[in-house]
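J.: Here is how the chains run, residue by residue.
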Amino acid sequence: MNNIHNRQVINDVLIENAKKDKDIIVLCSDSRGSASLSEYAKVLPDQFVETGIAEQNIVSIAAGLAACGKKCYVASPACFLSTRSMEQAKVDVAYSNTNVKLIGISGGVSYGALGMTHHSSNDIATLGSVPNMRVYFPSDRHQTKALFEHLLLDNKPAYIRVGRNPVEDIYTEDNTPFLMDKATLVHEGGDITIIASGEMVYPAQQAAIELETHGISCRVLDMYCIKPLDTEAVLAAAKETKAIIVIEEHVAIGGLGSMVSQLLSAAHPVKVISMCLPDEPVIAGKSPEVFAYYGLTAENLVKTCRELMG
Amino acid sequence: MGNLKATTFEIRQDILDTIMNCKAGHIGGDFSVTDILTTLYFKQMNIDPCGSEDPNRDRFILSKGHSVEALYSVLANRGFFPREDLKTVSMFGSKYIGHPTNKVKGIEMNSGSLGHGLSVSVGMALAAKKNQAAYRVYVVMGDGELAEGSVWEGMMAASHYRLDNLCAVVDSNGLQISGTTEDVMAHENLEERWAAFGWHVLHAAGNDIESLNDAFETAKIIKDKPSVIIAHTTKGYGVSFMENSVPWHHKVPSADEYIKATEELSARRSAAL
Chain A
1 MNNIHNRQVI NDVLIENAKK DKDIIVLCSD SRGSASLSEY AKVLPDQFVE TGIAEQNIVS
61 IAAGLAACGK KCYVASPACF LSTRSMEQAK VDVAYSNTNV KLIGISGGVS YGALGMTHHS
121 SNDIATLGSV PNMRVYFPSD RHQTKALFEH LLLDNKPAYI RVGRNPVEDI YTEDNTPFLM
181 DKATLVHEGG DITIIASGEM VYPAQQAAIE LETHGISCRV LDMYCIKPLD TEAVLAAAKE
241 TKAIIVIEEH VAIGGLGSMV SQLLSAAHPV KVISMCLPDE PVIAGKSPEV FAYYGLTAEN
301 LVKTCRELMG
Chain B
1 MGNLKATTFE IRQDILDTIM NCKAGHIGGD FSVTDILTTL YFKQMNIDPC GSEDPNRDRF
61 ILSKGHSVEA LYSVLANRGF FPREDLKTVS MFGSKYIGHP TNKVKGIEMN SGSLGHGLSV
121 SVGMALAAKK NQAAYRVYVV MGDGELAEGS VWEGMMAASH YRLDNLCAVV DSNGLQISGT
181 TEDVMAHENL EERWAAFGWH VLHAAGNDIE SLNDAFETAK IIKDKPSVII AHTTKGYGVS
241 FMENSVPWHH KVPSADEYIK ATEELSARRS AAL
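If you read the sequences in order, they're chains A and B. All residue numbers for the first sequence refer to the numbering used here, where the first residue is 1 and numbers rise by one. All residue numbers for the second sequence refer to the numbering used here, where the first residue is 1 and numbers rise by one.
FYI, nobody ran anything at the bench for these hints, they're computed from the structure. Glycine residues also receive a C-beta, built at the ideal position from the N, C-alpha and C atoms. All the given hints hold, so there is nothing to weed out.
The list that follows gives simulated cross-link-like pairs (lysine-lysine, DSSO-like), each with its CA atoms no further than 30 Å apart:
#	chain 1	residue 1	chain 2	residue 2
1	A	K182	A	K227
2	A	K239	A	K303
3	A	K227	B	K95
4	B	K43	B	K87
5	A	K42	B	K130
6	A	K42	A	K22
7	A	K20	B	K129
8	B	K129	A	K156
9	A	K156	B	K103
10	A	K303	A	K242
11	B	K130	B	K103
12	A	K19	B	K129
Chain A regions said to be covered by chain B (calculated; three or more residues, Cβ under 8 Å):
#	region
13	43-56
14	68-77
15	81-94
Turn these sequences into a full structure, and let the hints guide you.
T.: Structure (structure tokens):
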């Protein structure tokens, strides 16, 4: 069981790079502890900006810093960053094309029992719909590290969602295949495809392993790059396998499932099953309990795949 | 400053022509803010109209982005781009759109949605502090804009970080699209409000270049806190029938009104000379 959460990895990558590059600035909205960035703030106080609980302000300040040459990483709960400051993300980051990376921490239903105020089950729909905003949901700690090492090299806006809890490893320290904006093939398969992102990649991988025992060859794509979507991988899956299941910690409207469906309905219609969160405030509980309640599990993936394969 | 005063009426004529040409714009606020922008671009700011990206240039944000015709006209008259370009404002495919855009030479950031500029300018001023750079940051806001809550978040952050390289200007003309600012959302005691947020507050006659210039000079010597200039302006300044008139927030003049406005601006220009 891995006990290192993705936000810790982000702290480590940012410290390592910020020590070498004084233009890297991390901003928090009274969220340094939640974001596991307390160490960063302590080690690099001159490259850390605290704005207090002011999510609109933090995004605009980051944009102003970036307009003057800084490389800004804003870490704030995904629920607030993706809605409270959506207009600042749209205008000051995406529209003005500033080098601001918005890190939505404790994303999805990470805050389980805290209620809908603290859930970000619609952040693909909000920030993903903003022109010139990229959206990434990395799966495990190794991919998170690889993603941030790549993001550090560009100067374009992006939103990155990470969950609160440690995620089981999909990859290893020595073997983390990663191509920017290309889905990662987690499991080879020719019968059916599961497309997953973020915390849903692990159950997808487990389902594919289980399906082998049932004689079903299941392809698993880690679509960490929600936008720009790896359309090539999606189209190949549609052409080469019988059906597609998209599993996501997001509502149906405006999520990864809807993006995949929209692409395929025009380019290569196949059956697409969407497994996602409901269009209602989710039930209280820890995120694994919430996932189980709504069928976002390896077991339900296995069941659904077997039904689809007849 | 006599000639510069005359220049403000030439700039207003360009604003009027631009709005007549594209049949849209916010003439009342444009005329209100013209002297503030002229003072900044012609007297105060360290900027290069040739467009060199000197990292030490002063930065400007027009937070009340709907006064873009005034900004374009000031930039054109300051030499950032040909005045001829003003004929393309808001035309199909033009880069000179109806709010400030950083695709235009001399404009740092896109704006148009109110309540963003102060926070963006806080980031710019913070960057200067972190880089130990000497440039100053200026942001111009409308008084109606102060109803946006994000403005007050920016005010807090600016004084928290002691940004004495930041100077905000409130174009305080007392009117907004629906009526007077006091009727729409009262903000009396403006000086006390800014002061309570840790700002040094200055007042200026907002359509008087000398008064504005004095305030900007004073702001430069204030240390450890940001400064705000409450610029007491007249909306529609320069054309009698537009002054202090709510409908002229964004009315497009008729042909007759255009002729009368042109005559008044010309007379004011001559008087200034």
